[in-house]
Each structure stands twice: as C-alpha cells, then as structure tokens.
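**Q** Assemble the dimeric complex from its two separately framed chains, guided by the hints.
Heads up: the protein sequence lines correspond to chains A and B, in order. Residue numbers for the first sequence, in the working numbering: -6 to 85. Residue numbers for the second sequence, in the working numbering: 13 to 262.
If you're looking for bench data, these hints aren't it; they were derived computationally from the structure. All C-beta atoms in this analysis are idealised placements derived from N, C-alpha and C, irrespective of residue type, glycine included. Among the clues, some could well be false.
To be verified - What follows is a list of derived Cβ distance ranges for each label pair:
id : chain 1 : residue 1 : chain 2 : residue 2 : range
1  : B       : Pro107    : A       : Arg15     : 31 to 39 Å
2  : B       : Val30     : A       : Gln55     : 43 to 51 Å
3  : B       : Val243    : A       : Cys28     : 52 to 60 Å
4  : A       : Trp68     : B       : Glu199    : 51 to 59 Å
5  : B       : Gly82     : A       : Leu79     : 36 to 44 Å
6  : B       : Arg251    : A       : Arg15     : 23 to 31 Å
7  : B       : Gly95     : A       : Gln55     : 35 to 43 Å
8  : B       : Gln176    : A       : Cys28     : 38 to 46 Å
9  : A       : Tyr76     : B       : Gly203    : 21 to 29 Å
10 : B       : Gln202    : A       : Met(-1)   : 34 to 42 Å
11 : A       : Ser26     : B       : Ala211    : 35 to 43 Å
12 : B       : Arg188    : A       : Ser26     : 39 to 47 Å
13 : B       : Gly108    : A       : Tyr76     : 46 to 54 Å
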Amino acid sequence: MTGPMMWTDGNMLGGPLHDVFRPDVTAAMAGCSNCGWTGPMAGVRVFDHAPGVVARCATCDQVLLRMVHGPGRAWLDLRGLSYLQLPMTEET
Amino acid sequence: MARAAVLGRLNWRAAQLVAVHGESATARTLILDAPGWPGHLPGQHVDVRLTAEDGYSTQRSYSIASAPAGARLELTVERLEDGEVSPYLADELRPGDRLELRGPIGGWFVWHPGDLDPVLLLGGGSGVVPLMAMLRTRVATGSTTPMRLVYSTRTPDTVLYGDQLRRLGERDSALRVELAYTRRAPEGWQGPVGRLDGARLTTLAWPPTDRPACFVCGPTGFAEAVANLLVDQGYAPERIKTERFGPSGA
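So that you can see chain B by itself, here it is in the shape it has in the complex (with noise of 0.2 Å):
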C-alpha cells in the first residue's frame, strides 16, 4: 500500500540537459537525465516547469520523443514565435543546465507494444513527436507491428528526424513513412503539395475496413480536420485518438 502511494505520486523532479541536437531551424531535441525516471510509454508527455530568480514560475506540456531508456529521455522543442517557454527551451538553455520535469503524463495517447493491430500514425508538424516515440519503440521492442506515419510539414526545410524517418522506411517493410508538404515539396517531387484530403488519405493510409489503431496529433486545426476526414473515410471513430496541442506551431 505505501508502495504503490509512492508509485502513484507524479512529483517534479530535476532532470539535466546533457545535449542538445538540432532537428530543423526552430527546432531542436533536448537529450535529458532524469534520475529516477520510472519509464514511459510512447506517446506519453512530461510537463516542463521553469522558475525565475524572481520565483515566477510558469509550465509547459512536451511530448517525449524517444523510447524508453532509463534514465534519459529526449523532448524535441518548436521554437513559437510568441512563447513563453519554448523560446528559453530551443534557443538558450545549454547542457548542464537544470529543469523541473513532472511525468510521464497520460494513459490515453499512447501506443502499447504489445498490441497487434495495425498502427497509422498521422503528424502535422511538431506533432510528430510523440508518433515518431512509437516508431523508435517498434524499434526498440522487436515490434513486427506494421506502422505508417503520414507527416504532415510546410516544407521540406521543416521537416524533424528526416534523416531517421528515411533510414527506418528503408529497412523495414512493415513501416512506410509519407511526407506530405502542404506549402513547398523538395525539388523533383512527384506528389502534390497542399493539406491532406480525402483523396490523398486514400493512396497513403489503410484502408477503414483494415481497422488501424489512429493516432492523430498536431496543432489544434490540423487533428481536428485529419480526425473528421478520418471519420467521413469510414474509419471508426472511436479507433482514432487524438492530441492537439494549441492554436498553431507546425
């Protein structure tokens, strides 16, 4: 009983930037130590807390982007414009530096290896990140689960884990990765470029009457346009879960 009080207490915990690697031009993935993590599922969040000298204290939701690994876990971080946080995130804080983790977060959105229905993940920009966690625990766990990952990016200049997201693709016929560009695709591009319809849903996913798990995640307008394009495809509707993280940032 006094173990599992403990268990289920989420407190803030310090955790330490021990690198940093660059994903896009406002992008970047924090590689972070945080002894004592009890591990996550993909898909899962953590909350970031930052306090000022002053004691300000202001937080922030952040999909973990890695599989599990002890006690590391990576956060990939958009730079918005107008933040508040992830300004201080992506640009400023080095490694060495400390912040105040809560986590993991989430029982909902998220993907458990061990289920072996087929898995199509749809990401509009950021909203990658907790998909490709997913993807990096297929990898992880053996998982022969077939997956596709249809990404959603303006360009091919925003594009995250590009690099990664091809390898995987490469050497694994179970995992097929779609770029859709919805402003500039990269030179040479046979598709089209322009937000995701209905037709073009329709040459990248499964079909509805293969019933794929759908993980749908993005800024607010996106998840809500893929999930309704989702629905009137025929794919069930409580087969689709999704997560919107706010106004704009993809």
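Bound conformation, chain A alone (with noise of 0.2 Å):
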C-alpha cells in the first residue's frame, strides 16, 4: 500500500523489538546517520504493511531500521541509526 500518511510511528515498535531488546524501544533515544536528527524512536515513521517492519527517519526520509521475521528466526537491520540510547533501570 502506497500513498500519503501510510504509515503509523515508532510507538508501535515497542512489541516487535520486545522480542530482541529488553528495555522500551519507543522511549529510547535515536540518532539518524544521514541527517543528524535525534529524538524518540516513538517519533519516527513505520511502516508496516509488508512481509516487515521499516522504519524511516521522519525529517530526512532515510531507512533507520528493518525488521523481518521468517520461522524460528528474525533478521534486524539498524544500518540507518548512528545510535541508540536505550533506557535501563538500575537493577542487580
């Protein structure tokens, strides 16, 4: 599916990178490679009607991350971040 506003944003990655990142991937901090922007992963562009997940930064349009499961495995491909700053809780 193609067109405007066809996608929803990073809040709804929370579930799917729940099955690789133990801590909230909506609130963590993320850098984009191509443009330099920085902000929540809750406020980039997902789309998500295709076999995957891609996510694009929302100021310079580049893939930050791509996620595809297949059976018993899933491939993650997070070319487009310079970094993520995930938030931990201080537990022992």
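**A** Set out below in structure tokens:
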C-alpha cells in the first residue's frame, strides 16, 4: 500500500522489538546517520504494510531500521541509525 | 537477576473476553480478563494476536482504554471497513472467547499520575482511547492535575465515551472536555464545525506559556496536523508527544 499518511509511528515498534531488546524501544533516543536528527524512537515513521517492519527518519526519510521475521529467526538491520540510547533500569 | 529477567519478558498471554460494551455504531469496548496482567500506565498499548485454525496468525496494536485494575483491561476497537483484525474484534468476538495479548507496551506515550504539570489531551476519532485511559487514571488515583481534553470527532454519532466524558467534565472543575465536530454538530451547537485550526485551539486549550504536557493521538493525518499546529502556536516541541495509528479510521 502506498500514498500519503500510509504510515504509523515508532510507538508500534515496542512490541516487535521487545523480542530483541529488553528495554522499551519507544522511549529510546535515536540518531539518524544521514541527517543528524535525534529524538525518541516513538517519533520515527513506521511502514508495516509489508512482510516486515521498516522505520524511516521523519526528517530525511532515510531507512533507520528494518526487521523481518522468518520461521524461528529474525533479521534486524540498524545501519541507518548512528546510535540508540536505551533506557535502563538500575537493577541488580 | 532471575526475577528481573522474568519481569522483562513480554510474553504472549491468554486473555478472555468477559463483556462487551457498545460505544458507537462502529466501535465497541472489549472488557478482558488477563490472568497475571502486571498492570499498566495510561497511554500504553497491547498487541493482540489472532490465530486461525490453519495456523495463519496476524496481530495489531490497540490502546488500553481503562485505568489499571488488576487483571481487567479494556480495549475500544473501531471497525475499519478494510481491516483484517478490527471487524473480528468489533463484531464477531463473543464473551468467553479467547485471544492472545502482549503487553503492556510503550514507555514514551504515557502519563505518569505523579506528574503535576497541566495536561492537554488532543484526540482525533478513536485516538481518544489512550487519552481516556489518562482521564480515568487521573480519577482513579485522585490526582488533581489539571487536564483538558479536546476531542475531534466527525459527528455526534461517532463520539466514544460520550456520557462518561460529560459526567467527568461536570463534576471536576480541574477537568474540562471540549468536543470539536468536523462534519456535523448536534442541534443547537453554538461553536464552529470543521477541522481544528489555530483560532479554535486558542479558545479550547491552555496558552503555550502554561507549558502543558501535550498528548496527541489519532490517525496519522490528524496527529501530524495537530502537532504542527501546536508548534506553530508556540508550544514547546519537546512537550508534545504524538501517537499515530495509520491512514484513517477516525
């Protein structure tokens, strides 16, 4: 599906990425390796009308993250991010 | 360490539909019993997974509508005409039926009841659902934080939680509910009809100088437009949190 506003936002990444990361990803701060944008992952654009999930920078449209599930495995491509700062709880 | 690891996992859990409550011609609230539910913060969502007999499985995210209450939680589901999951949840699912939940999810689009800053809630269509959880949690926790809801909806027939919102607004001077009709208003309506614009926002919301915490939720087009409107009006971008749920459905 294509067209304007055919996207949602990074809030929906919380569930799918919880399979991979223990901390909440929606509240993580992200950096775009292309334009330098930084902000919460909740604010990125997410396209999920596809076999996988693609997150793009809301400023420059660069692909930040791709995640695809297969039987018994998942692929995660984070090459568009310069960093991800994850909230950590200080537990022992 | 072992305990933390267990708490950190977000496994799918079985939930059972306990009751159903109609909200509009196209939306209903599902009251679910989810044994072991760890509680949630208002604004969080769950992923709902449905699996067919042939093994085909699909999942969608739905905002939680209720304040935390043990193993009970409520989801309000609007039926999308071309939806794969919502027609089943909005029309077919019967009390006693089971589904799978994962959550609570999300630590960003949440209101913490301890926060004392005034809260401006802006909802479009079923984007009002997580904002309703914030209002309900405010009441449930006895919070006196000033809250204002600006709720954009098409017509009087599409309003969700209408009676509850009216009662909430009447009995609490620190809580105000403002409806904004985009297509048709009820008879005798004095205000304008149409999409929210800067002039109306000025009459309905606190001024930017009050530095309210803003929560905007709705279809992507609504959330984009309102968030831009807030920034244009001088609200601090870092005080605006948005949640967009796709192309339409409002």
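**Q** Quick check: which numbered hints come out false for this structure?
**A** 3, 5, 7, 9
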